[in-house]
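Peer 1: Residue numbers (this note's numbering), protein chains in the order written: chain A, 1 to 112; chain B, 1 to 113.
Rather than coming from a laboratory, the hints here were simulated on the basis of the structure. Just so you know, even glycine gets a beta-carbon here, dropped at the ideal spot from N, CA and C. It is possible that part of the hints are untrue.
One side of the interface only, derived from the structure: several residues of chain A facing chain B at Cβ under 8 Å [what the hints assert, rightly or not]:
#1 Asn31
#2 Arg50
#3 Gly97
#4 Gly103
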Amino acid sequence: SQQGEEDPQALSIQEGENATMNCSYKTSINNLQWYRQNSGRGLVHLILIRSNEREKHSGRLRVTLDTSKKSSSLLITASRAADTASYFCATDAWAAGNKLTFGGGTRVLVKP
Amino acid sequence: GAGVSQSPSNKVTEKGKDVELRCDPISGHTALYWYRQSLGQGLEFLIYFQGNSAPDKSGLPSDRFSAERTGGSVSTLTIQRTQQEDSAVYLCASSLGIDRGAFFGQGTRLTVV
Numbered sequence: 001s002q003q004g005e006e007d008p009q010a011l012s013i014q015e016g017e018n019a020t021m022n023c024s025y026k027t028s029i030n031n032l033q034w035y036r037q038n039s040g041r042g043l044v045h046l047i048l049i050r051s052n053e054r055e056k057h058s059g060r061l062r063v064t065l066d067t068s069k070k071s072s073s074l075l076i077t078a079s080r081a082a083d084t085a086s087y088f089c090a091t092d093a094w095a096a097g098n099k100l101t102f103g104g105g106t107r108v109l110v111k112p
Numbered sequence: 001g002a003g004v005s006q007s008p009s010n011k012v013t014e015k016g017k018d019v020e021l022r023c024d025p026i027s028g029h030t031a032l033y034w035y036r037q038s039l040g041q042g043l044e045f046l047i048y049f050q051g052n053s054a055p056d057k058s059g060l061p062s063d064r065f066s067a068e069r070t071g072g073s074v075s076t077l078t079i080q081r082t083q084q085e086d087s088a089v090y091l092c093a094s095s096l097g098i099d100r101g102a103f104f105g106q107g108t109r110l111t112v113v
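Model the full structure from these sequences, guided by the hints.
Peer 2: Structure representation (structure tokens):
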């Protein structure tokens, strides 16, 4: 079973707008990560946030983590056509043997 | 190498045949993962190797699936007596540990006809 579930499943925005997607998970985690996938092949790591952190930034990316609600959000500011991709959250949890498990992803389309 | 390498990139096999998929992780990475992804879907966890610990095989869908990691480096995923439902992209990833990001290979697209 998947630990993380992303919402929405798909998102369509205009270039320059912000894109926000959410991830919910079921059990207490060690870390939560976000990945991007283009063209259905290899994933690229974007950002990792630890369970004792609440917010993290990397360039145009902002990630928040709310462990009380077991949820995280990824915000992409000033989106570009090149941001068109699928975005996945992934968690590792001590109770699940520390393996990295992924959600179903959010498909983002940025229209020029 | 510079990244995670998987071979072959594509594999077409007949139903009932055995296949072997190979993953060369980044040198020094102690953690290695195998996932399966069907078109438009998320990543289904298959197996996780961490250092010298016993692998976590909890995601393998049946006893037709097995994997090994030799010398803490190269890994091979074997699917015996392939079925059409095994068709998917098989992704391998490696990392330095659970608090580090994972690096993915480009995957092997398996088609069972």
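Peer 1: Each hint: holds or not?
Peer 2: Status of the hints after comparison with the structure:
1. Checking Asn31/A against chain B by beta carbon gives a least distance of about 6 Å; that is within 8 Å, so the hint holds.
2. Interface restraint check: Arg50/A against chain B, minimum CB-CB distance 7 Å, threshold 8 Å, status holds.
3. At its closest, the beta carbon of Gly97/A sits 5 Å from a beta carbon of chain B; the interface hint therefore holds under the 8 Å criterion.
4. Given the 8 Å rule on beta carbons, the hint for Gly103/A holds: about 6 Å separates it from the nearest Cβ of chain B.
The structure is consistent with each of the numbered hints, conforming to all of them.
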